[in-house]
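Go by the hints and put chain B onto chain A.
Number of protein chains: 2
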Amino acid sequence: MNKFIAIANKEASLGMNAGHGGPFGAVVVKGNKIISKAHNMVVKSKDPTEHAEIAAIRMASRKLGRFDLRDCEIYSSCFPCPMCFAAIRWAKIGKIFFGATASDAAKIGFDDKKIYGEIRKHFKTNFLEKQLDRKECLKTLLSWKKKKNKTLY
Amino acid sequence: MNKFIAIANKEASLGMNAGHGGPFGAVVVKGNKIISKAHNMVVKSKDPTEHAEIAAIRMASRKLGRFDLRDCEIYSSCFPCPMCFAAIRWAKIGKIFFGATASDAAKIGFDDKKIYGEIRKHFKTNFLEKQLDRKECLKTLLSWKKKKNKTLY
Numbered sequence: 001m002n003k004f005i006a007i008a009n010k011e012a013s014l015g016m017n018a019g020h021g022g023p024f025g026a027v028v029v030k031g032n033k034i035i036s037k038a039h040n041m042v043v044k045s046k047d048p049t050e051h052a053e054i055a056a057i058r059m060a061s062r063k064l065g066r067f068d069l070r071d072c073e074i075y076s077s078c079f080p081c082p083m084c085f086a087a088i089r090w091a092k093i094g095k096i097f098f099g100a101t102a103s104d105a106a107k108i109g110f111d112d113k114k115i116y117g118e119i120r121k122h123f124k125t126n127f128l129e130k131q132l133d134r135k136e137c138l139k140t141l142l143s144w145k146k147k148k149n150k151t152l153y
Numbered sequence: 001m002n003k004f005i006a007i008a009n010k011e012a013s014l015g016m017n018a019g020h021g022g023p024f025g026a027v028v029v030k031g032n033k034i035i036s037k038a039h040n041m042v043v044k045s046k047d048p049t050e051h052a053e054i055a056a057i058r059m060a061s062r063k064l065g066r067f068d069l070r071d072c073e074i075y076s077s078c079f080p081c082p083m084c085f086a087a088i089r090w091a092k093i094g095k096i097f098f099g100a101t102a103s104d105a106a107k108i109g110f111d112d113k114k115i116y117g118e119i120r121k122h123f124k125t126n127f128l129e130k131q132l133d134r135k136e137c138l139k140t141l142l143s144w145k146k147k148k149n150k151t152l153y
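Residue numbers (our numbering), protein chains in the order written: chain A, 1 to 153; chain B, 1 to 153.
You may find that some hints are simply not true.
Below 25 Å or equal to it, Euclidean Cα-Cα: the simulated BS3-like pairs (lysine-lysine) are [claimed, not checked]:
| id | chain 1 | residue 1 | chain 2 | residue 2 |
| --- | --- | --- | --- | --- |
| 1 | A | Lys146 | B | Lys46 |
| 2 | B | Lys46 | A | Lys114 |
| 3 | B | Lys95 | B | Lys30 |
| 4 | B | Lys107 | A | Lys147 |
| 5 | A | Lys30 | A | Lys114 |
| 6 | A | Lys135 | A | Lys147 |
It is worth saying that the hints were derived from the structure and are not from the lab.
Remember, predicted model here, so these are calculated numbers, not experimental data.
Only chain A is shown next, with the shape it has when bound in the complex:
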């Protein structure tokens, strides 16, 4: 087994067995060294966003003192859900290695595939989404463009 995937997979088991959350683990690696490892903590922390990858990225960012992790790679025991996939991209991590797939996660009752589907179908779901007051909100966005002394991310 790939050594980092093995660690991610072990995290998955550890977390599940400890009752911390679903069976998912992730490891952030930089130059063949582990920067952080984490497992799903949704149940323990009662935080729906504390997936393994999010937790590992937060930990790695804290450790390295920056939000740009483009020199890192991520290893996940299962293909990241869309939240985690996008988190990886926001962190500018350009390499992801994974074990099980989104379909595998669906088979054990997780919504990853469903949410991917919702995104792919351009949100043509029964999920209510409604645009309000774009004009005013756009003003705020455009003021970002004009703002000096801002840190891009």
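Quick look at chain B alone, frame taken from chain A:
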């Protein structure tokens, strides 16, 4: 203006002007009452995952003591990025109201639209992703299915 979108939009301005991060704000509402409000904190916290919606959801979960926020709504000053969109869905929030669009965010230099595109194109991008050791990782996933005393989320 819608009163909650106005608050989300104000958060967006506040956060940007304080140098905390991008010009984005979000409010979690339950039965016409504000549970949490937040703005993008990526720059201040050096955490690439601390978008307004993620922060607002974490705060609301902490406040209500649960990861299931299906009785809540979310108001965002700009349409949520895929990370935040999926976070909203993991939190089981079924109603989202937004001001500006993903295209508006793209116009001021944010990657939301690009990441949405990557997801929609089934990851046919220059982003490296590679499956490793599915068999072993799948075992861990399947053991979740058999596990008793687990909290579903």
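A quick look at each hint next to the structure:
1. A:Lys146 with B:Lys46: Given that 25 Å is the threshold and the Cα spacing comes to 22 Å, the pair holds.
2. B:Lys46 with A:Lys114: violated, 31 Å
3. B:Lys95 with B:Lys30: Satisfied, since the Cα-Cα distance of roughly 11 Å is no more than 25 Å.
4. B:Lys107 with A:Lys147: holds, 14 Å
5. A:Lys30 with A:Lys114: violated, 32 Å
6. A:Lys135 with A:Lys147: holds, 19 Å
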